[in-house]
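J.: Sequence:
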Amino acid sequence: MGSPLLLKVRVFLKPLQPFFHQERPAFFTVKTCLWQPPQLSSSARFLGTRDTNQNLGGRQTDKRNTRQPGGQGAISQGRKELWDDAADGRNKRSTYQQKPSFTKSVFAAGTAKRTADMLKRKASLVSESEEQQEEPELRTTRSSGRLEPPDQPLTPAEWKKLKESLGNHERFDIRMMSALFTSGADLDIAKSLLTFVAIETGTLSYELLLRYLTLCVSGDHDAEVFDVYNIMLGSFPSLDTGASSLFIKSFSRTERWKEALSILQDVKKVFTPSPRNYGDVIAAAVRNSDMTTAWELYDELMEKGLSPHMETWDILFTGAKKTKEDVGDAVMCETEQQERLLGILLHMRNNQIHPPHNVASSIKSWFESLTGQKWKGIWTSATPKGVCGCCGSELESIQLTEGEYQELKDRVMADIIQGRDVFNKTTPEELERFKAFVKRKPAFDVVVDGLNVANINKDKSKQSEMLLAVVSEFARQGLTVLVLGRKHMLRPSRSWDKQNMSLIQQKAHCFFTDNISEDDPFLLYATLHSGNHCRFVSRDLMRDHKACLPVGATRRLFFKWQRGHQLVVDGYVLAGRRVRFQGILSYDTIIQTTGGSWHIPYDDTEDRSTYEVPQRWLCLTKKG
Numbered sequence: 001m002g003s004p005l006l007l008k009v010r011v012f013l014k015p016l017q018p019f020f021h022q023e024r025p026a027f028f029t030v031k032t033c034l035w036q037p038p039q040l041s042s043s044a045r046f047l048g049t050r051d052t053n054q055n056l057g058g059r060q061t062d063k064r065n066t067r068q069p070g071g072q073g074a075i076s077q078g079r080k081e082l083w084d085d086a087a088d089g090r091n092k093r094s095t096y097q098q099k100p101s102f103t104k105s106v107f108a109a110g111t112a113k114r115t116a117d118m119l120k121r122k123a124s125l126v127s128e129s130e131e132q133q134e135e136p137e138l139r140t141t142r143s144s145g146r147l148e149p150p151d152q153p154l155t156p157a158e159w160k161k162l163k164e165s166l167g168n169h170e171r172f173d174i175r176m177m178s179a180l181f182t183s184g185a186d187l188d189i190a191k192s193l194l195t196f197v198a199i200e201t202g203t204l205s206y207e208l209l210l211r212y213l214t215l216c217v218s219g220d221h222d223a224e225v226f227d228v229y230n231i232m233l234g235s236f237p238s239l240d241t242g243a244s245s246l247f248i249k250s251f252s253r254t255e256r257w258k259e260a261l262s263i264l265q266d267v268k269k270v271f272t273p274s275p276r277n278y279g280d281v282i283a284a285a286v287r288n289s290d291m292t293t294a295w296e297l298y299d300e301l302m303e304k305g306l307s308p309h310m311e312t313w314d315i316l317f318t319g320a321k322k323t324k325e326d327v328g329d330a331v332m333c334e335t336e337q338q339e340r341l342l343g344i345l346l347h348m349r350n351n352q353i354h355p356p357h358n359v360a361s362s363i364k365s366w367f368e369s370l371t372g373q374k375w376k377g378i379w380t381s382a383t384p385k386g387v388c389g390c391c392g393s394e395l396e397s398i399q400l401t402e403g404e405y406q407e408l409k410d411r412v413m414a415d416i417i418q419g420r421d422v423f424n425k426t427t428p429e430e431l432e433r434f435k436a437f438v439k440r441k442p443a444f445d446v447v448v449d450g451l452n453v454a455n456i457n458k459d460k461s462k463q464s465e466m467l468l469a470v471v472s473e474f475a476r477q478g479l480t481v482l483v484l485g486r487k488h489m490l491r492p493s494r495s496w497d498k499q500n501m502s503l504i505q506q507k508a509h510c511f512f513t514d515n516i517s518e519d520d521p522f523l524l525y526a527t528l529h530s531g532n533h534c535r536f537v538s539r540d541l542m543r544d545h546k547a548c549l550p551v552g553a554t555r556r557l558f559f560k561w562q563r564g565h566q567l568v569v570d571g572y573v574l575a576g577r578r579v580r581f582q583g584i585l586s587y588d589t590i591i592q593t594t595g596g597s598w599h600i601p602y603d604d605t606e607d608r609s610t611y612e613v614p615q616r617w618l619c620l621t622k623k624g
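Residue 430 in the numbering used here is what sits at position 430 of the sequence shown, and the numbering runs on without skipping anything.
Worth flagging that the hints you see were computed from the coordinates, not collected in a lab.
A few of these clues could be false.
Mimicking DSS-like on lysine-lysine, the simulated pairs with C-alpha atoms at most 25 Å apart in a straight line are [claimed, not checked]:
| no. | residue 1 | residue 2 |
| --- | --- | --- |
| 1 | Lys322 | Lys374 |
| 2 | Lys441 | Lys409 |
| 3 | Lys409 | Lys435 |
| 4 | Lys322 | Lys376 |
| 5 | Lys322 | Lys623 |
| 6 | Lys623 | Lys376 |
| 7 | Lys498 | Lys487 |
| 8 | Lys487 | Lys435 |
| 9 | Lys622 | Lys321 |
| 10 | Lys460 | Lys487 |
| 11 | Lys487 | Lys507 |
| 12 | Lys304 | Lys268 |
| 13 | Lys458 | Lys498 |
| 14 | Lys374 | Lys623 |
| 15 | Lys622 | Lys374 |
| 16 | Lys321 | Lys374 |
| 17 | Lys269 | Lys258 |
| 18 | Lys622 | Lys385 |
| 19 | Lys258 | Lys268 |
| 20 | Lys622 | Lys322 |
| 21 | Lys622 | Lys376 |
| 22 | Lys498 | Lys460 |
| 23 | Lys487 | Lys458 |
| 24 | Lys269 | Lys304 |
| 25 | Lys258 | Lys304 |
| 26 | Lys409 | Lys439 |
| 27 | Lys258 | Lys321 |
| 28 | Lys441 | Lys507 |
| 29 | Lys507 | Lys439 |
| 30 | Lys507 | Lys458 |
Beta-carbon label-pair distances, calculated as ranges [to be verified]:
| no. | residue 1 | residue 2 | range |
| --- | --- | --- | --- |
| 31 | Asp607 | Asn350 | 23 to 31 Å |
| 32 | Asp266 | Leu342 | 28 to 36 Å |
| 33 | Arg539 | Ser381 | 24 to 32 Å |
| 34 | Ala443 | Ala553 | 24 to 32 Å |
| 35 | Ile174 | Met413 | 51 to 59 Å |
| 36 | Asp544 | Ser397 | 22 to 30 Å |
| 37 | His169 | Gly552 | 45 to 53 Å |
| 38 | Ile174 | Glu606 | 30 to 38 Å |
| 39 | Gln477 | Pro550 | 32 to 40 Å |
| 40 | Gly552 | Ile174 | 34 to 42 Å |
Beta carbons are placed, not taken as given, at the ideal position from N, Cα and C, and that holds for glycine.
Go ahead and model the full structure; you've got the sequences and the hints to work with.
T.: What follows is the structure, given as structure tokens:
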């Protein structure tokens, strides 16, 4: 350990956010313990080593190995978020041939990821074959642009030599600090880089200090963060969003957590803090049994229209249980917090939010800890008929009520069918012609996106055969079918067999739009106009159309309707075999309660896309 040293260096202020206009140079004086390579004289020492594993009294940390298992380029999600911060869901009409609803569904969690992985594996076979034929020189050139950081601290002379070997790039220090972060390098290597830059230029830029700060925070080097905080606070007229967020995160996990609250208050004077900023301080308040502050900040976060991170909800449920154990007047505290925590569950319900398993586990523990209420939680799943596999309760139906259906129909008509961009997808004349067509036809049971269904078969010569098979399946069931297609499908060709298209028009009502028109608005109009019983067939997940709905509640209603009405052909259709469709769940995958029970769908996979729903449930019931 080196002795303390005063080092005066000129630091250029380079703010990363546009609202900071001061760009004058600033000076600071550093007085700290120094890292000293053996070859350096005392005059070249800077930002020295301290015990990076020391644990401050009362400090709660989540220690992680700074080395990532993937080596160079492997960054955990938490580290990536830090770096990004720094840089700135019973009649003839129920007879569709479906697989049981507990099997594969386009809306089942993980379906998109499994499909993507399958396609990736196929693509990798082609890629590997191409790489084997690729010239070695070309592969070398591709990898040579990556900046490889050293595996130990370097002297200034060694850093200079490395810089020269890389062409004396003017942003060498920034790029190298980025590489050190990406590789999870030891903090002493970063310190030796700062020493080199300070000696070579007499300058440490704001951006370089910010990169170093990110490395310190990601590695839980909170004591080093305190030093950087003092330097930056005394040297720059203001801090940007990245630095403020990093300081809040680091201070929040130490005994100096109330300073994070002060930083948060300062941030609010300039811009709206992020949910992560609020969550860090809320977590600190909970860990220090200051539930009043925690809930005040949570209320503030919600009032600003921000969406809390799952970690915030997790710590509130965990902290409520801890407070009950620690506080004397637990009965009153528990009653107040119970109302608030049940409010979180209702918020999740109203916004179709599904907690991950760890949050569901905290919810389960909290319920089971409630005094005198005898709650019991069981991990379970639902039967295809929508019955809880644990308590036997019937889950809420996926079908919309009459009022919900009418509300959705009105909004879709106004915002999608008659929206501002509808005539980018069709013409006024064609839309009116289609409305008149639907009006004079009987209500449909099924609306088929003809081109979408035909394209399931990649063999272009069998597209009309594919569409005919699907239409024939519905006709066999006695259903009234509408097929939406394009006019080019009526021209005999290799893809569109004349006899097949003639049979389709005999078995179903057909409407063929102009070739430049989009089918989806017509499909949605016909399906909703026909009534709540009508379903539609398409692989299109309608995400663009859902996004056209301006109100979140309406978008969630659309997703519920979609999951209860969309039919997707299951795999390929073999000649002579009946067409089968992926299952449609009969129940809604949403948090629900009857007062004496709660059913919470939770994520048991990290592979769920936003348009998919979990398959596992937490069943909470009162005993006795």
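J.: Each hint: holds or not?
T.: Evaluation of the provided hints:
1. Lys322 to Lys374: Distance of about 18 Å is within 25 Å: holds.
2. Lys441 to Lys409: OK: Lys441 and Lys409 at ~19 Å, within 25 Å.
3. Lys409 to Lys435: 15 Å, holds
4. Lys322 to Lys376: 19 Å, holds
5. Lys322 to Lys623: Roughly 23 Å between the alpha carbons, so the hint for Lys322 and Lys623 holds.
6. Lys623 to Lys376: At roughly 7 Å apart (the allowed maximum being 25 Å), Lys376 and Lys623 satisfy the hint.
7. Lys498 to Lys487: Holds. Lys498 to Lys487 sits at ~13 Å (cutoff 25 Å).
8. Lys487 to Lys435: 18 Å, holds
9. Lys622 to Lys321: 18 Å, holds
10. Lys460 to Lys487: 17 Å, holds
11. Lys487 to Lys507: Between Lys487 and Lys507 the Cα gap is close to 18 Å, so the pair holds against 25 Å.
12. Lys304 to Lys268: The given pair, whose Cα atoms are some 11 Å apart, holds under the 25 Å limit.
13. Lys458 to Lys498: This hinted pair holds, its Cα atoms lying about 19 Å apart.
14. Lys374 to Lys623: Status holds; Cα separation ~5 Å.
15. Lys622 to Lys374: 6 Å, holds
16. Lys321 to Lys374: 15 Å, holds
17. Lys269 to Lys258: Holds, at about 18 Å.
18. Lys622 to Lys385: Within the cut-off at roughly 24 Å; holds.
19. Lys258 to Lys268: 16 Å, holds
20. Lys622 to Lys322: Given pair Lys622, Lys322 holds - Cα atoms ~22 Å apart, limit 25 Å.
21. Lys622 to Lys376: 6 Å, holds
22. Lys498 to Lys460: Between Lys498 and Lys460 the Cα gap is close to 14 Å, so the pair holds against 25 Å.
23. Lys487 to Lys458: 20 Å, holds
24. Lys269 to Lys304: Holds, because 14 Å separates the two Cα atoms, which is no more than 25 Å.
25. Lys258 to Lys304: Measuring from Cα to Cα gives roughly 22 Å; hence the hint holds.
26. Lys409 to Lys439: Satisfied, since the Cα-Cα distance of roughly 16 Å is no more than 25 Å.
27. Lys258 to Lys321: 22 Å, holds
28. Lys441 to Lys507: With a Cα-Cα distance of about 14 Å, the restraint between Lys441 and Lys507 holds, given a limit of 25 Å.
29. Lys507 to Lys439: Holds, at roughly 19 Å.
30. Lys507 to Lys458: Measuring from Cα to Cα gives roughly 24 Å; hence the hint holds.
31. Asp607 to Asn350: 23 to 31 Å: 25 Å, holds
32. Asp266 to Leu342: 28 to 36 Å: 34 Å Cβ-Cβ, so the 28 to 36 Å window holds.
33. Arg539 to Ser381: 24 to 32 Å: Given about 26 Å between the Cβ atoms, the range holds.
34. Ala443 to Ala553: 24 to 32 Å: 27 Å, holds
35. Ile174 to Met413: 51 to 59 Å: About 53 Å separates the Cβ atoms of Ile174 and Met413, which means 51 to 59 Å holds.
36. Asp544 to Ser397: 22 to 30 Å: Holds, since Asp544 and Ser397 (Cβ atoms, about 27 Å apart) stay within the stated range.
37. His169 to Gly552: 45 to 53 Å: Given range 45 to 53 Å: holds, Cβ gap about 47 Å.
38. Ile174 to Glu606: 30 to 38 Å: 32 Å, holds
39. Gln477 to Pro550: 32 to 40 Å: 38 Å, holds
40. Gly552 to Ile174: 34 to 42 Å: 40 Å, holds
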